[in-house]
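> Line order of the protein sequences matches chains G and W. Add 5 to a position in the first sequence, counting from 1, and you land on the number used in my numbering. Add 397 to a position in the second sequence, counting from 1, and you land on the number used in my numbering.
Keep in mind that the hints are not guaranteed to be accurate.
To be verified - Distance ranges between label pairs, derived from CB positions: (1) G:G226 with W:S439: 27 to 35 Å; (2) G:R263 with W:V476: 41 to 49 Å; (3) G:G348 with W:G506: 28 to 36 Å; (4) W:F458 with G:G338: 28 to 36 Å.
To be verified - Here are some, though not all, of the chain G residues that point toward chain W, as calculated from beta-carbon distances under 10 Å: (5) T312; (6) A323; (7) G353.
None of these hints come from the bench; they were simulated from the model. Glycine included, every Cβ here is placed at the ideal spot set by N, Cα and C.
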Amino acid sequence: MGATDLAEGTLLDRLDRYGISRRRFLTYCSGLAATLALPPRYAKVIAQALETQQKPALIWLEFQDCAGNTESFLRARNPAVADIVLDLVSVDYHETIMAAAGHQAEASKEATIAAGGHLVVVEGSIPTKDGGVYCTIAGKTARQHLEEAAEGAAAVIAVGSCSSYGGIPAASPNPTGARSAESLVSGVPVINLPGCPANADNITATLAHFLTFGALPATDGEGRPLFAYGKRIHDNCERRAHFDAGQFVEEWGDDAHRKGWCLYRMGCKGPSTFHNCGSQRWNEGTNWPIGIGHGCVGCSEPGFWDTMTPFYDRLPRAAGFGVQTTADRIGVGVAVGTAALFGAHGVGKYVQRRRAAAGEAKATVAAAEADAGQELDSELEEN
Amino acid sequence: MTTDTDQAVGPAEPEEYVTVKVWDLPVRGIHWIIFGCVFVLSVTGFYIGNPAWATRGDTGFLMGNVLAIHRATAWIFIVMVIARIAWAFRGNEWSRWHHFIPVHKKRRGLARHTVEYYLFVRHDPPPVIGHNPIAGLTYTVLYLVFIAQIFTGLALMSLEEPGSWQDSVAGWVFNFWSIPGVRFFHHIVMWLVIGFVIHHVYSAVLMDHEEKSGVMSSIFGSHKRVPPGHK
Chain G
6 MGATDLAEGT LLDRLDRYGI SRRRFLTYCS GLAATLALPP RYAKVIAQAL ETQQKPALIW
66 LEFQDCAGNT ESFLRARNPA VADIVLDLVS VDYHETIMAA AGHQAEASKE ATIAAGGHLV
126 VVEGSIPTKD GGVYCTIAGK TARQHLEEAA EGAAAVIAVG SCSSYGGIPA ASPNPTGARS
186 AESLVSGVPV INLPGCPANA DNITATLAHF LTFGALPATD GEGRPLFAYG KRIHDNCERR
246 AHFDAGQFVE EWGDDAHRKG WCLYRMGCKG PSTFHNCGSQ RWNEGTNWPI GIGHGCVGCS
306 EPGFWDTMTP FYDRLPRAAG FGVQTTADRI GVGVAVGTAA LFGAHGVGKY VQRRRAAAGE
366 AKATVAAAEA DAGQELDSEL EEN
Chain W
398 MTTDTDQAVG PAEPEEYVTV KVWDLPVRGI HWIIFGCVFV LSVTGFYIGN PAWATRGDTG
458 FLMGNVLAIH RATAWIFIVM VIARIAWAFR GNEWSRWHHF IPVHKKRRGL ARHTVEYYLF
518 VRHDPPPVIG HNPIAGLTYT VLYLVFIAQI FTGLALMSLE EPGSWQDSVA GWVFNFWSIP
578 GVRFFHHIVM WLVIGFVIHH VYSAVLMDHE EKSGVMSSIF GSHKRVPPGH K
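Working from the sequences, and respecting the hints, build out all of it.
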């Protein structure tokens with residue numbers, strides 16, 4: 006980012022220089038408070054914290070990623086104010102947006118790490134196979150970079166599904182042994198902001214929470230902040246009424262699809278995905294996947310590339326049965342197979358008894374044989 | 398029933414058969430309520446899994462209602478499964494737990510007899526009044542399947558309300574499977590239960606013919622007619 010004059014002075018000075026009114030700043034803080042699911046009075050607390058907080062240094066590490074989270078972050082709602090928030094943290098190292106390069110950049114990063122108390126943002130998964138050769142920067146592996154940066158850090162924020170859970174690089178067969186940041190960092194609090202990409206609002210809100218309260222927000226069992234991942238897509242979906250009513254899209258472009266009915270039968274993973282996607286939306290709140298008529302693919306769930314596929318079917322395929330085998334096909338096989346097996350057993354029992362009856366009959370009189378045969382015939386009919 | 402010998406008894410004439418009250422009321426009641434639950438849960442579960450019917454026009458609150466029925470039925474099912482397990486410690490001889498898990502030597506001997514009977518090696522059905530040991534073991538497996546279905550069901554229910562008691566009881570399921578994986582499991586187990594029903598009805602009809610003990614009517618009227626010496 007570089008130390009320009011615009012970045013000097015207090016936050017209010019800087020806001021002034023950017024031509025942003027205090028009112029607009031407060032509106033923004035209210036938005037952050039709402040994103041964090043805090044009561045309205047916290048807008049003021051957040052504003053105060055943002056105004057008075059020392060700028061914490063931030064190191065943004067990119068490993069096995071597509072820079073999608075960076076793209077997402079740079080498209081924060083209300084870009085001008087978000088610039089300021091970007092300025093709230095001193096981004097000392099960010100490969101995509103930093104001005105410095107090479108040794109200069111690495112030196113600046115090392116100085117920040119040496120000072121300690123910084124924030125580490127991790128984007129992308131970390132390869133661990135074959136000594137981590139699949140991602141090396143400045144002669145060091147991703148893992149080394151992460152371990153060094155996390156040393157003495159105040160917190161590690163994993164943005165995107167790759168750094169949170171390994172993401173697409175970790176999808177089966179995971180050729181690089183990709184792992185999440187959380188699994189490689191110890192002794193430092195780690196928060197996961199999964200999503201492909203992570204929502205910019207959730208990233209800024211998490212930063213604001215850290216600046217305001219000096220701690221990371223409360224998380225769920227998967228290490229995700231509850232304010233953003235506490236409810237399923239399905240439970241906040243604008244199309245939920247169509248689900249409850251049993252009104253479903255059956256084919257892309259059919260009448261129901263044009264009417265905006267529920268995408269459940271088209272494989273929407275909203276019922277399996279925790280995210281505030283539907284309420285926060287994307288690109289300055291313009292829209293979101295389900296809003297444009299495409300089902301959720303569950304990108305913010307652990308291992309989504311393996312567990313949420315096929316994206317356009319409701320249930321996963323059965324492993325080991327071939328890619329086209331559905332649960333229902335296996336189920337019908339089980340039912341028909343059972344019926345066939347026991348049908349065959351019934352025939353076998355009939356033959357067995359018939360033979361026994363025949364053997365008995367040889368030793369006794371012919372009349373008995375006739376009786377037994379009749380009896381068995383009627384039994385078979387009933388069977 | 399009263400003799401102590403565990404040797405296979407010789408063929409007895411039907412007029413020598415004795416009437417025994419085998420299935421007491423709780424066993425029969427639970428059996429039929431669970432049957433009803435499995436039927437309702439399967440039909441509603443089928444719709445929830447693939448709501449292919451009536452997707453057009455005014456369908457009212459169809460999915461909402463079907464989900465509500467599925468859940469209400471699931472609660473009855475859970476209570477019945479718990480009740481039956483409890484009754485395995487309080488009920489009469491043939492509803493006791495050791496008829497479902499062959500821990501006694503005598504039952505294990507009968508298990509062999511049963512396997513030989515099913516594999517066409519022997520002609521005579523095992524001399525039992527209640528379940529034969531293999532049937533008992535099958536019901537144990539069935540109840541394990543029921544319990545798996547209950548836990549996966551509660552886990553899926555908990556998605557709506559993280560932190561709910563369903564979450565604390567069954568949320569651990571997601572440590573082993575992804576959410577879609579649990580849905581898949583919950584769905585495939587329904588088919589296993591349908592497979593069980595086919596087997597169950599077949600076996601009951603077979604035994605009814607072979608033993609002439611009235612096993613088919615005993616699940617309605619509690620009594621079986623068995624040759625003397627059966628246990």
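> I'd like to know which numbered hints this structure contradicts. Please list them from smallest to largest.
none
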